[in-house]
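Protein chains: 2
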Amino acid sequence: MKKKGILIVVSGFSGSGKGTIMKELLKKYDTQYALSISATTRQPRVGEVDGREYFFKTREQFEKMIADGELIEYAQYVENYYGTPKAYVEQMLEEGKDVILEIEIQGALKVKEKFPDTLLLFVSPPSVEILRKRLIGRGTEDEKTVEKRLARAVEESAGIENYDYLVINDKLDVCVEEVHSIIQNEKFRVSRNINFIQEIRKELKSF
Amino acid sequence: MKKKGILIVVSGFSGSGKGTIMKELLKKYDTQYALSISATTRQPRVGEVDGREYFFKTREQFEKMIADGELIEYAQYVENYYGTPKAYVEQMLEEGKDVILEIEIQGALKVKEKFPDTLLLFVSPPSVEILRKRLIGRGTEDEKTVEKRLARAVEESAGIENYDYLVINDKLDVCVEEVHSIIQNEKFRVSRNINFIQEIRKELKSF
Chain E
1 MKKKGILIVV SGFSGSGKGT IMKELLKKYD TQYALSISAT TRQPRVGEVD
51 GREYFFKTRE QFEKMIADGE LIEYAQYVEN YYGTPKAYVE QMLEEGKDVI
101 LEIEIQGALK VKEKFPDTLL LFVSPPSVEI LRKRLIGRGT EDEKTVEKRL
151 ARAVEESAGI ENYDYLVIND KLDVCVEEVH SIIQNEKFRV SRNINFIQEI
201 RKELKSF
Chain P
1 MKKKGILIVV SGFSGSGKGT IMKELLKKYD TQYALSISAT TRQPRVGEVD
51 GREYFFKTRE QFEKMIADGE LIEYAQYVEN YYGTPKAYVE QMLEEGKDVI
101 LEIEIQGALK VKEKFPDTLL LFVSPPSVEI LRKRLIGRGT EDEKTVEKRL
151 ARAVEESAGI ENYDYLVIND KLDVCVEEVH SIIQNEKFRV SRNINFIQEI
201 RKELKSF
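Residue numbers (our numbering), protein chains in the order written: chain E, 1 to 207; chain P, 1 to 207.
Hints listed in this document are in silico derivations from the structure and should not be mistaken for laboratory results. Hints are supplied without guarantee of correctness; some may be wrong.
Heads up, the list lumps identical chains together, so a pair's fine if it works in one copy or across two of them.
Here are the simulated EDC-like pairs of lysine to aspartate or glutamate, each with C-alpha atoms no more than 20 Å apart in a straight line [stated by the list, open to error]:
hint	residue 1	residue 2
1	Lys3	Glu155
2	Lys171	Glu48
3	Lys144	Glu129
4	Lys86	Glu60
5	Lys28	Glu147
6	Lys187	Glu177
7	Lys187	Asp164
8	Lys133	Glu199
Model, not experiment: these values are computed from the prediction.
With the hints as constraints, model all of the structure from the sequences given.
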């Protein structure tokens, strides 16, 4: 029997580079990890494929999923719903894949409530100065947007203690290896090896 | 300022090979780890050096150490005291070394009480059959002693849930790397990075 995978939630400041880390992780260890695919009611953009970027749903379909308890967590942004379908995540975990959810703290806490074994990982840049430079460096954001994102980071930083691990994204390749190592080492947790422990106890007693 | 080291307690069944794992770990990463040196009232054996194998103490000295709170934990076996001097451990931790204590569960829990950040690691052989073979294979133990050690293992196995990680010693070199990786990854724990988190928060607010 294949060992069940681990569910991992990754959060981090906007500009922390968490998206890039996850992309690299999935590229480098593609048989080990699966990225959770969100369901959304927003319209697909050009090039987006249903079941790849998102599961595209109508408002009615999405609200039925909520009612039927088919979402681990969901939230509404602007006019649209976004959520994490439980079935896909559970299927991947059963196949032994470690499943990554990239969501914010409110969602992270909801996931942890439903799946207490979830590993919560927070990504931070080495310093606020670097965070600011990265946000400005994107060039797509004006000064006001940068300030807004930094203000948002203040809020997010209040919740870091709810996470299990903190990784600092200084050098991308180093950080990717750290994240991989943290996740794989989690498999040695006593709480994730109760079956083996019970087996050993049974064998010991039969001697 | 150098980052403080981690205190690690390693326990495991007699015959699990934990002693060999620790020896290899200390040999391979000698600048990273320090083995805690116990104090004892037993007589030094030929070749043993005070402050290397043990800190050799008289009964009066040892009991004064107990009275003065200089031991993290101690126990009495047969006629002699064995204990872990706090000063040496704290000095090594301050120097940034990860300090390893090889003790049994009762001691492990006492250490965890005094140093809540302690990492508890349990070493198990892959199966009871292999454990038995290893104990017999030593050749120094008769059948009765092997049975006694297996009975002791039953007691020890009852406490595994108090540990953080379980490593299975199948192949020595693999196991040494796993232990090293588990300990080093522990440094990313949110609870071990509170200073950094507070620094980030302060910087964010000053923007």
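Tested hints:
no., hint, in the structure
1, Lys3 - Glu155, "neither (37 Å within a copy, 28 Å between copies)"
2, Lys171 - Glu48, "neither (30 Å within a copy, 47 Å between copies)"
3, Lys144 - Glu129, "within (16 Å within a copy, 67 Å between copies)"
4, Lys86 - Glu60, "within (18 Å within a copy, 64 Å between copies)"
5, Lys28 - Glu147, "neither (34 Å within a copy, 48 Å between copies)"
6, Lys187 - Glu177, "both (16 Å within a copy, 14 Å between copies)"
7, Lys187 - Asp164, "both (14 Å within a copy, 11 Å between copies)"
8, Lys133 - Glu199, "between (53 Å within a copy, 18 Å between copies)"
Checked against the numbered hints given earlier, the structure breaks hints 1, 2 and 5 and satisfies all the rest.
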